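**Q** Listed here are the chains, written in short residue letters.
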Amino acid sequence: MADEIILLDFLPSIFGMRIRVALAEKGLKYEYREQDLWNKSPLLLEMNPVHKKIPVLIHNGKPICESTIIVQYIDEVWKDKSPLLPADPYERAQARFWADYIDKKLYDLGKKITLTKGEEQDTRKREFLEFLKLLEGELGDKPFFGGENFGFVDVSLVAFSSRFYAYESFGNFSIEAECPKLIAWTKRCMERESVSSSLLDPQKVHDFVAGMRRRYGVE
Amino acid sequence: MAEEEVKLFGTWASPFSRRIEVALKLKGVKYEYIEENLTNKSPALLNYNPVHKQIPVLVHNGKPVAESFVIMEYVDETWKHNPILPTDPYERAMARFWAKYIDDKLWPAAKKVVVTKGEEQKGVIDEIQQQMKILEGELKEKKFFGGESLGFLDIAANIIIWLVVAQEALGMDQILNEEKLPVLHGWLQRLLDDAVFKECVPPKERHLDFSKVKFGSSIASK
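Residue numbers (this note's numbering), protein chains in the order written: chain A, 1 to 219; chain B, 1 to 222.
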């Protein structure tokens, strides 16, 4: 029986991109359904009544919510192809730890850069870059956070790179100047079809963020 | 074979620390417990968890693991008997989803309800009631969230004990009362009665005194 996979998503969403990357890494066919977040569909509200958010993966009619949980689900169901988590429990724990930390910090750090100005924005930029440097330390000399192979932490983090141009533009700074290793890593990731086909073009992300800034009255 | 060395850095009143103790005890894993003083963290703790500098931290044969859910999954994968997470991927996703819900929604609300008053507190009480109702929907007729025996979500939800004791310390009406939330109330009694779990719960009086000191000073007299 063929699997039915539907993804409720929103093109500029970093969290949605994670799922697109994971599904592509596993070579899975699925139906993508773009959601209007300002006019949520009955299906979205039915499939994620608790948070009413995307992404939602619907696998044979059953919904899974929360991007990191969805990625783990995908990895466990389709475990024979391109495993995202390593086999060793200790290494798995390290991968989960870093994915969790990225989840707790990076989205808000980046968002705050785009919604602030002046001194406050300078502080936000500093915090953001400090966090990226910490991640660079974790990456070390490895090609990917997963080691030789593209893995769970890479999936968690790579989608943020689609937003770097927006952060740099609205923050007036260069991420590459401070974090060259991380930018080199994003370029390596973009060489993968699963990543380049899943991430929204940085210019389009930039335009989306510009729209959000207008919406929040930041100019 | 070398002796297995397992250490847990925690604090006796922390529900996060408790999660790991329960998980280790359910699996019969022998471990050395190190009580941390959070106002004067040990060099060992800072060395093992340089990123967050927090408890709990599990150190297994010298290698540290931090963050309670990450540790729980590590424990489950390393000591495979008496599994905490189900085997089915969909059920695993559900357990993780609800555990995250507890940390992202219930815990912040619980921390807030004990330091607010008046209308603001009423609002948070309503919020918690709603959250607990939602959790009841997940529990339904089961003995525990994990089914017949304690699972990942039951262990995660031990935060509710923290809230019950904190409310009692403050002389507040219990949000988790039998009348309004019979299903969750029943679950809590079963949790506290469980042979393994009850070994990990601090003596009520000690916990109550601790909460009175901690929260009594953080709100002005009503």
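No lab work stands behind these hints: they were computed from the structure. Since this is a predicted model, take the numbers as computed values, not measurements. Don't take every hint at face value.
[What the hints assert, rightly or not] Ranges of calculated distance between the beta carbons of each label pair, as one might list FRET restraints:
1) 143(A) with 179(B): 21 to 29 Å
2) 169(A) with 108(B): 52 to 60 Å
3) 81(A) with 43(B): 43 to 51 Å
4) 39(B) with 119(A): 50 to 58 Å
5) 143(A) with 83(B): 33 to 41 Å
6) 43(A) with 90(B): 17 to 25 Å
Yeah, the Cβ is synthetic: ideal placement off N, Cα and C, and Gly gets one too.
**Q** May I ask which of the numbered hints given earlier this structure violates, with the numbers listed in increasing order?
**A** 1, 2, 4
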